[in-house]
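Chains as they are written, first to last, in this note's numbering: chain A, 1 to 220; chain B, 1001 to 1234.
Worth flagging that the hints you see were computed from the coordinates, not collected in a lab.
Some clues are possibly wrong.
If you anchor each label on the Cβ, the simulated ranges turn out as follows [stated by the list, open to error]:
| # | chain 1 | residue 1 | chain 2 | residue 2 | range |
| --- | --- | --- | --- | --- | --- |
| 1 | A | Gly163 | B | Gly1123 | 36 to 46 Å |
| 2 | B | Gly1227 | A | Ala22 | 38 to 48 Å |
| 3 | A | Leu121 | B | Trp1128 | 22 to 32 Å |
| 4 | A | Gly190 | B | Leu1040 | 45 to 55 Å |
| 5 | A | Met42 | B | Glu1052 | 38 to 48 Å |
| 6 | B | Gly1033 | A | Met42 | 50 to 60 Å |
| 7 | A | Val205 | B | Arg1181 | 15 to 25 Å |
Treat the numbers as computed from the prediction; the structure is a model and nothing was measured.
Every residue, glycine too, gets a C-beta built ideally from N, C-alpha and C.
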Amino acid sequence: MMRAPADILVLAWKDLRLEGRARAALPTMVVGGVLFLVVLAMGGGVDRSGEGAATILWGALLVAAVLGVERGMAIEREGGALAGVLLTPVDRGVVFLAKFAANLTLLAVTALAVSAVGMVLFGLGIGGGTAGFAGAIGLGLVGVAAVGTLFAAVLGGGAGRRGLLVLLVLPLCAPVVVVSGRAAAALAAGGGGPGLGVLVAFDVVYVVGGWLAFEHVVDL
Amino acid sequence: MAASGVEAGGGTGGALLRRWAGVFGPVYWGLTGLLVVVGLVLVAFFTPVEAEMGAVQKIFYFHLPVAVAAFVPCFVVFAAGAVYLWHRSAWCDDLAHAAAEVAVLFCSVVLLTGMIWAKEAWGQWWTWSPRLTLSLVLWLLYVVYVVVRPLIGSPQRRAVVCAVYGVMAFLDVPLVYFSVRLMPEDIHPGRVDLAPAMVRVLLFWMVPVGLLCVGFIGARYRQLSVGRECGESA
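With the hints as extra help, turn the sequences into a complete structure.
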């Protein structure tokens, strides 16, 4: 148990280094997110206020998250790396937390890139409360990364299961997105963040739930 | 691996549950039907007509009990999913499956009756207020549960995925319930003051709606349980 934080760091760093070499998930995530923005903008009538910015950003981030976790887990299964990790004398909950940390890092990088593109190309207005806006979106990302990581593992491999991840992850992330979007918009406008406590509660439950459930649900 | 191996027989829990599901016969449904008819008579003749909304307000006697009862199948999906992950008993998977279908039905009724109410009370069929949005999310969560189930070929994998999903989906229930307090901009009132006659009829409706909810879960569970014994893939 004492070694758990070190194990998490080692495994998460391993995933990030692999991503740095293979560039398998991050480019897909960023391009997927930006494509979402472009397609939305081509439709016209985009609300560029704080609430609109949060909604648009969340749409792009959900696309990126699903693409990223699915791609990352598929690559690890194809190479048999997941089997190797699961056979190591490390608690499987630790494996979940490491994968969650790696996915969250990739999502945070994607969020920065997509937000920058959104602000430059579409003039999305976040207003004066940039830190609050980013904080609310960041809290939401924690929940999304936890759910995405867990279900990418739960679904297992196999061509028949592709496409199911998006169906499972989107509705589970919807409450987090609703609360995070509203809080981000309110904070961007300089007000208080309604429901931030709820968001933290969701994050804790999703992360702890994933940590506890991973051992019972992950399969080679 | 931990994910494999479903206890097909169901054990003591499965046997008890099947005996419980046997309660939902003609007597049960006859009594429930009678209570629904009595409830309709009470709503039609023994409740005052609301001054502003008129007769449409009477949908409230049905909308609120169904909304409360909708949380029951959601909880059953959660509890059965959690027990499945612990014990890997097939009856838990069947019970969660049955409850998820009833949750879809009840959430659909809540949304539809709510929309009729909203059109009369607020002049529009739908608003993106927190409670309405989260109620729609709740409906979507269980619709996805029902839609995804048959798409996963392996029975063991399907049961595990649905159990984890069902446990996590339940988190939206307290959020729906507390949304009015947590996000005060909600169009839903925090509390409603009703005349005593209205309260009595409203409380009466909780009984037939509750019986319908439990009965649907039990009857569907029995179907699924028999289907599993006959080798059908759920």
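Structure-based check of each hint:
1. A/Gly163 with B/Gly1123: 36 to 46 Å: Holds, since A/Gly163 and B/Gly1123 (Cβ atoms, about 40 Å apart) stay within the stated range.
2. B/Gly1227 with A/Ala22: 38 to 48 Å: Given about 45 Å between the Cβ atoms, the range holds.
3. A/Leu121 with B/Trp1128: 22 to 32 Å: holds, 26 Å
4. A/Gly190 with B/Leu1040: 45 to 55 Å: Since A/Gly190 and B/Leu1040 have Cβ atoms about 52 Å apart, the given range 45 to 55 Å holds.
5. A/Met42 with B/Glu1052: 38 to 48 Å: holds, 45 Å
6. B/Gly1033 with A/Met42: 50 to 60 Å: Holds, at about 55 Å.
7. A/Val205 with B/Arg1181: 15 to 25 Å: holds, 19 Å
Checked against the numbered hints listed earlier, the structure breaks none of them; every hint is satisfied.
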